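4 protein chains.
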Amino acid sequence: MSDQQPPLLPTNAIAPDESLQAKTEHWFEYPVKAQPHHTDYGGIVWHGSYLAWMEEARVECLSSIGMDFADLVKLGCDLPVVELSVRYHRPLRMGMSAIVKTRMSYSTGVRMDWNYQIQSPDGSELYLTGQVTLVTVDREKGKIMRQLPPAVKDALLKLTR
Amino acid sequence: MSDQQPPLLPTNAIAPDESLQAKTEHWFEYPVKAQPHHTDYGGIVWHGSYLAWMEEARVECLSSIGMDFADLVKLGCDLPVVELSVRYHRPLRMGMSAIVKTRMSYSTGVRMDWNYQIQSPDGSELYLTGQVTLVTVDREKGKIMRQLPPAVKDALLKLTR
Amino acid sequence: MSDQQPPLLPTNAIAPDESLQAKTEHWFEYPVKAQPHHTDYGGIVWHGSYLAWMEEARVECLSSIGMDFADLVKLGCDLPVVELSVRYHRPLRMGMSAIVKTRMSYSTGVRMDWNYQIQSPDGSELYLTGQVTLVTVDREKGKIMRQLPPAVKDALLKLTR
Amino acid sequence: MSDQQPPLLPTNAIAPDESLQAKTEHWFEYPVKAQPHHTDYGGIVWHGSYLAWMEEARVECLSSIGMDFADLVKLGCDLPVVELSVRYHRPLRMGMSAIVKTRMSYSTGVRMDWNYQIQSPDGSELYLTGQVTLVTVDREKGKIMRQLPPAVKDALLKLTR
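Residue numbers (the working numbering), protein chains in the order written: chain A, 980 to 1140; chain B, 980 to 1140; chain C, 980 to 1140; chain D, 980 to 1140.
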């Protein structure tokens, strides 16, 4: 792949190859715990550490609907993050457990939007809300894919039934 | 500090203790290089690694106007991130250098907004744009400060002249 | 705490406050999975990512014998790493699962030695072997503790029975 | 590359393809600063953060003798870490600067040994000593290379003159 990467964005001008719309109906829940390496000098989880948890929740959610992320990459497809927004409501302190809740919606052919809520296990405290947008990229060409690999399409179609 | 942290947000209801407004006039520039540990399986910088660079640029920008971040923390003040939004335009590949450009505006008494652009050294390529919002928190009480520590206020006031 | 930190080492000259000897008899097992953020450009787990897993296994092993790490820190005690050695036998690729096995021995009053093996879930592949040494430090004074906090001593004594 | 990776070790049984011996005569010096994201709950640099700095120093040292690490990877060669040992002498606190000193010796055909000292800028304080061993691996085959790529050999030969 050349060093001159084509731009990943804007994605809004892209015409989807089909009218596939899919979304996970329920929140997928992924438990996490604030370990020492997640914390910073304040004894709370460093703001960037949450992104690793959000990625893990995404990978495990895809896995739960039959899409193995490592297989996807082997098929020549990648799902880079192109947009990210996060609100940090309350800090999570070392040793505390939490649930990363995520829900995916896929509707424009190439964009996948993931919504997030990170909560206390009993649901009474809200630590973070956020949204992450991924696009489907052809790893070889470094370009956004207009045609999804059949395996990905099939997994997503399962969601719409 | 108790485990029951007070919420950091919303910040919009907060009345500033004074009408202090400050912003850095020019972009502060912080050079970075994509090292192996920043990359992921795709050979590009992992999306979370940029947050570390953005934090470093912030700390060095504050330092350039006379605010030492470690001193600030010793004074009992913290500046946690409460909001974050990022657009990833082009991937940065292993070995590539870039400039993190940042500019701060402080205007509501307790919020500091930082704008970001990450560019190629010659300015021809744009990799990332983003915004990060910090609030000033009293570390002891875990609460948003309505009175800035004098040292912080002085450093910020210097910006307005 | 002043910037002039006292040295953490050497630890060999330290006379233990008592003849407490303890070790976990069985390997504690902690399952992990190689997520995208753990990998580097090679598609394998970055060598430093293993240290986070090893720390997590340590914290969960202590927890399993009744020592909550966050509580320990609140009691004014810390357990910094003072020595570390690792051999990387085989790479772990993105998407692969593994078991971090660890076993602790505590015998010189202030040192805790942790042995590690990271293996495939079926035990047929060995990815990493390592050893990590911690010391018990008084957080206030920044000095190695010669007297363990009673709660820690009690938890360790349980191991010897 | 298959999931069944060949073992990277033992390396001691490997006969070097030639009697090439090389080492950097002087310590290469790489300045670092403890940023918030490097720290943990203790306000000191997390023990794993040092590995990122050590890698950066290695990459920049190789670059200083004409070996661009990203180019090396593009040539199909990789330099994974196979062994690592570190002693943490004193903690580095948030905001402190330090110098990562490293020196490479290459003598057995496939192993590169890197020695490390992390010191205060004035040399009066020693924070860390360590050693890291790399091997040269053919990325395609996932096997240790017995023949170095000519570009690598040339760069190393320059060191012996």
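Any given hint could be a false lead.
No copy is singled out in the list; a pair is fine if it fits within one copy or between any two copies.
What the hints assert, rightly or not - Restricting the straight-line Cα-Cα distance to at most 20 Å, the calculated cross-link-like pairs of lysine to any residue (SDA-like) are:
id, residue 1, residue 2
1, Lys-1137, Asp-1117
2, Lys-1120, Gly-1102
3, Lys-1053, Gly-1121
4, Lys-1137, Gly-1102
5, Lys-1122, Ser-1076
6, Lys-1012, Glu-1035
7, Lys-1012, Ile-1044
8, Lys-1053, Met-1083
9, Lys-1132, Gly-1102
It is worth saying that the hints were derived from the structure and are not from the lab.
This one's a predicted model, so the numbers in the text were calculated from it and none came from an experiment.
Hints, one by one, checked against the model:
1. Taking identical chains as interchangeable, the C-alpha atoms of Lys-1137 and Asp-1117 are never at most 20 Å apart, the minima being 22 Å within one chain and 40 Å between chains.
2. Taking the shortest Cα distances, Lys-1120 and Gly-1102 never come within 20 Å of each other, neither inside one copy (43 Å) nor across copies (24 Å).
3. Taking identical chains as interchangeable, the C-alpha atoms of Lys-1053 and Gly-1121 lie at most 20 Å apart whether they share a chain (14 Å) or sit on different chains (16 Å).
4. In this assembly of identical chains, Lys-1137 and Gly-1102 lie within 20 Å of each other by CA distance neither inside one copy nor across copies; the values are 29 Å within and 35 Å between.
5. Proximity of Lys-1122 and Ser-1076 under a CA criterion of 20 Å is satisfied in neither setting, with 39 Å inside one chain copy and 22 Å between copies.
6. For a Cα distance limit of 20 Å, the shortest separation of Lys-1012 from Glu-1035 qualifies both inside one copy, at 13 Å, and across copies, at 9 Å.
7. In this homomeric assembly, Lys-1012 and Ile-1044 come within 20 Å of each other (Cα to Cα) only across copies, at 18 Å, whereas the closest approach inside a single copy is 24 Å.
8. With identical chains, the CA atoms of Lys-1053 and Met-1083 are never at most 20 Å apart, being 22 Å at best within one copy and 35 Å at best between copies.
9. Neither within a single protomer nor between protomers do Lys-1132 and Gly-1102 lie at most 20 Å apart by alpha-carbon distance, with minima of 33 Å and 35 Å respectively.
Going through the hint list in order, the structure does not satisfy hints 1, 2, 4, 5, 8, 9.
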